[in-house]
Every structure is written in structure tokens, then in C-alpha cells.
Amino acid sequence: MPNPLITLNCPNCGGTLVSAGADRYVCSYCGSEHRLRDHPDWLQSLQENLDHLKTQLSDVQSNSRVAAAAQQLPGLLISLRQLTQTLQAWARAAFVSLLVLGVGYFLNRHLIFEPGAGWIRFMPPGIMALGGLSIGYILVRSTLEFRKRAHILQQIERCRNIIRTLGAGS
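All residue numbers for the sequence shown refer to the working numbering, where the first residue is 2 and numbers rise by one.
Everything labelled a hint here was simulated from the structure, so no lab data went into it. Owing to the predicted nature of the structure, the values given are computational and were not obtained by experimental measurement. Be aware that one or more of the hints could be misleading.
[Claimed, not checked] For lysine to any residue, the following SDA-like pairs were computed, each having C-alpha atoms within a straight-line distance of at most 20 Å: (1) Lys149 with Ala92; (2) Lys149 with Leu78; (3) Lys149 with Thr87; (4) Lys149 with Ile79; (5) Lys149 with Val97; (6) Lys149 with Gly76; (7) Lys149 with Arg161; (8) Lys149 with Gln73; (9) Lys149 with Val67; (10) Lys55 with Arg66; (11) Lys149 with Tyr138; (12) Lys149 with Leu88; (13) Lys55 with Leu167; (14) Lys149 with Ser80; (15) Lys149 with Lys55; (16) Lys149 with Ile139; (17) Lys149 with Ser65; (18) Lys149 with Leu77; (19) Lys149 with Arg165; (20) Lys149 with Leu84; (21) Lys55 with Val67; (22) Lys55 with Ser65; (23) Lys149 with Thr85; (24) Lys149 with Arg66.
Model the full assembly from the supplied sequences, consistent with the hints where possible.
And the structure:
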């Protein structure tokens, strides 16, 4: 396993520098003393390299966010299309439920049953109840689907904004 420590060498003779205080180092071979402040070009170069590395790392992170957003966007658009089809199916089901409710109401208003007619006299209110319950169920399911749709639209907009803002900076 490589040694993670950095060995400092003397710029005069190449010997190993040993710490002699806060920012002082002494060469174990020639005895010359060095301080980090004595080499401002080295520190400035190090700072410039660190700044450059930071910029490159930021660019890599931005590019990876753009790539992730670009990969996520087609799946979100497919989900949105499927959800739209589901909502259209629920709209058709709501129309049929309204028709059932209307037929039940029509039968209840226009058919007159005698008191001894038996269970058949409860058919029109039963049809109306069936239509009303199905409309209630469809409203609840449609509300949940619209919430999903709003969430997917937010995700799509977030991906597009990432691609616009970070992609434009590249």
C-alpha cells in the first residue's frame, strides 16, 4: 500500500526536510532551514492548481447532473403520457357512471311499481346508487392521478431547468 504522507525535500541538496516548528523545516543533510513563507511562488502555484481543480470538479458535477436529468427526462415523459391515458380512461368511466345514474333516475321517475311488486321495485334506486358510488370512486381515483400528474410535471420541469441552466454554462 503506498504511503499517503508527502515527503518534503530540500531545494538545495535534495535531503529530507524535518519539521522544526509551526512553518519551519530543517534539512537533515545540509542543515539549511526553510519556511513555507519563503516560497510564495510555490504556494501561489499550489493555490492556482487547487482553484483549477475545484473548477474542473464543479464542471464534472454539473455535467453529471445534466446527464442524469437528460436520462431521467424520457422516462418521465413516458410516465406522463401513460398517466394522461389513464385519466382519459377515468373520464370515460365517469361518463358511463353518469349514464347509469341517469338511467336509474329515469326508471325511478317513470316506472310505477305496485306495493306488492317485490324486490323489482328497488331496482331503479339500486341502479342510481351503483352510478353514484362509481362516480364517487372515480372522483377519488382521478384526484390521486392528478396529484401524480402534478408531481411528474414538477420533476419534468426540474430536469428541464437543470439541462437549461447547467447545460448553458458548459
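List of violated hint numbers, smallest to largest: Hints 5, 9, 15, 17, 19, 24 not satisfied by this model.
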